[in-house]
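Undergrad: Going down the list, the protein sequences come from chains A and B. The opening residue of the first sequence carries number 1 in my numbering; numbering runs sequentially from there. The opening residue of the second sequence carries number 1 in my numbering; numbering runs sequentially from there.
If you are wondering where the hints come from, they were derived from the structure by calculation, not from laboratory data. Wrong hints could be hidden among the right ones.
[Unchecked claim] Listed next, with one range per pair, are the computed distances between beta-carbon atoms: (1) 418(B) / 88(A): 46 to 54 angstroms; (2) 345(B) / 67(A): 22 to 30 angstroms; (3) 19(B) / 62(A): 34 to 42 angstroms; (4) 58(A) / 454(B): 37 to 45 angstroms; (5) 345(B) / 7(A): 18 to 26 angstroms; (6) 65(A) / 418(B): 30 to 38 angstroms; (7) 329(B) / 65(A): 43 to 51 angstroms; (8) 417(B) / 65(A): 23 to 31 angstroms; (9) 86(A) / 354(B): 20 to 28 angstroms; (10) 481(B) / 81(A): 29 to 37 angstroms; (11) 58(A) / 266(B): 45 to 53 angstroms.
[What the hints assert, rightly or not] Sample of chain B residues with no beta-carbon within 10 angstroms of chain A, all distances over it, derived: (12) 1; (13) 9; (14) 14; (15) 16; (16) 24; (17) 62; (18) 272; (19) 289; (20) 299; (21) 329; (22) 333; (23) 341; (24) 342; (25) 348; (26) 389; (27) 439.
[Unchecked claim] Facing chain A, from chain B, some residues (calculated, C-beta under 8 angstroms): (28) 267; (29) 278; (30) 440.
The beta carbon of each residue, even a glycine, is placed where N, CA and C say it ideally should be.
Now for the letters of each chain:
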Amino acid sequence: MSDGISRADVAHLANLARIDLTDAELDRLTPELTVILESVAQVAEVADADVPPTSHAVPLANVFREDVVTPGLTPEQALAGAPAVEQQRFAVPRILGEEA
Amino acid sequence: MSTIRLSAAEIAARLAAGDVSSADVTQEHLDRIAEVDGDLNAFLALDAEGALATARDVDARRAAGETLHPLAGVPIAVKDVVATEGIATTAGSKILEGWVPPYDAFLTRRLRAAGLPILGKTNMDEFAMGSSTEHSAYGPTRNPWDRDRIPGGSGGGSAAAVGAYEAPLAIGTDTGGSIRQPAAVTGTVGVKPTYGGVSRYGLIAMASSLDQAGPVTRTVLDAALLHELIGGHDPLDSTSIDAPVPPVVEAARRADVSGMRIGIVTELNGEGYQPGVRARFDEAVALLTKAGAEIVEVSCPSFAYALSTYYLVMPAEASSNLARFDAMRYGLRVAPAGVPSPSAEQVMSATREAGFGDEVKRRIIIGTYALSSGYYDAYYGSAQKVRTLIARDFEAAFGSVDVLISPTSPTTAFPLGSKLDDPMSMYLQDVATIPANLAGIPGLSLPVGVTDEDGLPVGLQVLAPAMADDRLYNVGAALERLLVEQWGGPLLSRAPELGTAATSRAASSKEGKA
């Protein structure tokens, strides 16, 4: 983990995160992220094996509600902010291969 | 007689007495916004029509003898990360430009039900990621004390709006200090309630285990009044605390620290803190001692790792939360250049490239890295363990003291642009505020003077155990009273005058815009 992060790593992560970074952005982000990650890596110094992790500051049990119908958004409201709508549905680009 | 320089409590009293109408009060604030916001850029959208309609409705109901909420008719500004039905909500991002939410956040519902006219939405760092409001896609907000300096962030718009008398009240959100640090650098009051104290339903999420909405005001009592209104249980947020709101208003009116044990955190003072910040802090400590508080020094050794912990936990949660901006159901959709019949995945990547700013991209990539297999244990796993250590430090400290205090921010407001190329130095702004978010405890910042070296405001932070939010208000109000007595008036009265007729055009052109 102390090896730092390479330009190829950043490109791979950006792809996983679905962000088309430009070459200029990769050049700029790689050294910035290296500095940030080197700095935050110090958490490993004090994280002993016997310390339990905290995911949430306030301890909580699962919360359930009564199984009753409550009003939600109308289709018009739900679709009001959509980039594209067709037949009262969200219209999206193709999700399968070119020929599908 | 304009009401813009009155506190919310004073405006409420005049409304109740029938001395002024809410319509007039609201119009005066809209006029003030038109006068000064061209310079400040505290607002991203205005809803003059809606605010005035609410005001007239409250006036009519009051005239009819209806019993109203104490803050009914007092106008408010809302941070743009909070969903407001019918008013554009962008979270400071291009990816949500022009998005009009089809529903209200829990706290928006509370504001509407109580009859507070919503003036508009305030500027912020994109998705609340930043400490200067410079990461807003719609240009930075300027500090009312010095327009070449930052108003803090991410909630710089709310703090500047309140500090410049554009609104008596505002809503902020605080993930690592975004209510308290802007309060400190603008000479205003800001409170982050206990995690779960105010519902997150309808807040655009950054880091769900840290995000918390709260009041932004000019006085401690005003903050308590607003806290009481927006706090309390909401079944629509599974992390909402199912318990009554702590008696915050009563505590703000009590304002008595005699016999209290107040701890100074060794790790949140000293090296790295500007001399003027330390000087004003030390004087405030002396005032608290004189008022009968016992001051104790306490050590929280794990706080040295709080910033690192935060910059792993927060990006990890943000990278996951921001996956919802996928160009499919709302917001921007951009087709990749030169790709005939692009796939959903390609559209997603092109949209997120075009719609997200630098800081958002940095944090999403750090979060993606910290959560990836092979690195998870070293980064995210370790950070979660250190989070436990920080909570234990607080627990130990609160075993011997009632509240903890520290400077809110290590420095006063820095010049616009001075930290944009150095993300780590920007992150250091939040070094004193972050531990509270990691442990879920409440914090308040109030102004304690201006420094000798730059004449800019300094904030003092009060921290209390979870669900003991009332202690913040008791200590904050006591210190505020002593300071205002000493100054002969509120600190903000020393800020330079703003406003010329020439700046009015830019602000009025925001009506209805995203």
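Undergrad: Hints first: check each against the structure and report whether it holds.
TA: Verification of the hints:
no., hint, verdict
1, 418(B) / 88(A): 46 to 54 angstroms, "holds, 51 angstroms"
2, 345(B) / 67(A): 22 to 30 angstroms, "violated, 37 angstroms"
3, 19(B) / 62(A): 34 to 42 angstroms, "violated, 51 angstroms"
4, 58(A) / 454(B): 37 to 45 angstroms, "holds, 39 angstroms"
5, 345(B) / 7(A): 18 to 26 angstroms, "holds, 22 angstroms"
6, 65(A) / 418(B): 30 to 38 angstroms, "violated, 49 angstroms"
7, 329(B) / 65(A): 43 to 51 angstroms, "violated, 24 angstroms"
8, 417(B) / 65(A): 23 to 31 angstroms, "violated, 48 angstroms"
9, 86(A) / 354(B): 20 to 28 angstroms, "holds, 23 angstroms"
10, 481(B) / 81(A): 29 to 37 angstroms, "violated, 47 angstroms"
11, 58(A) / 266(B): 45 to 53 angstroms, "violated, 26 angstroms"
12, 1, "holds, 43 angstroms"
13, 9, "holds, 30 angstroms"
14, 14, "holds, 38 angstroms"
15, 16, "holds, 35 angstroms"
16, 24, "holds, 34 angstroms"
17, 62, "holds, 31 angstroms"
18, 272, "holds, 14 angstroms"
19, 289, "holds, 31 angstroms"
20, 299, "holds, 15 angstroms"
21, 329, "violated, 6 angstroms"
22, 333, "violated, 4 angstroms"
23, 341, "violated, 7 angstroms"
24, 342, "violated, 6 angstroms"
25, 348, "violated, 5 angstroms"
26, 389, "violated, 6 angstroms"
27, 439, "violated, 6 angstroms"
28, 267, "violated, 14 angstroms"
29, 278, "violated, 24 angstroms"
30, 440, "holds, 3 angstroms"
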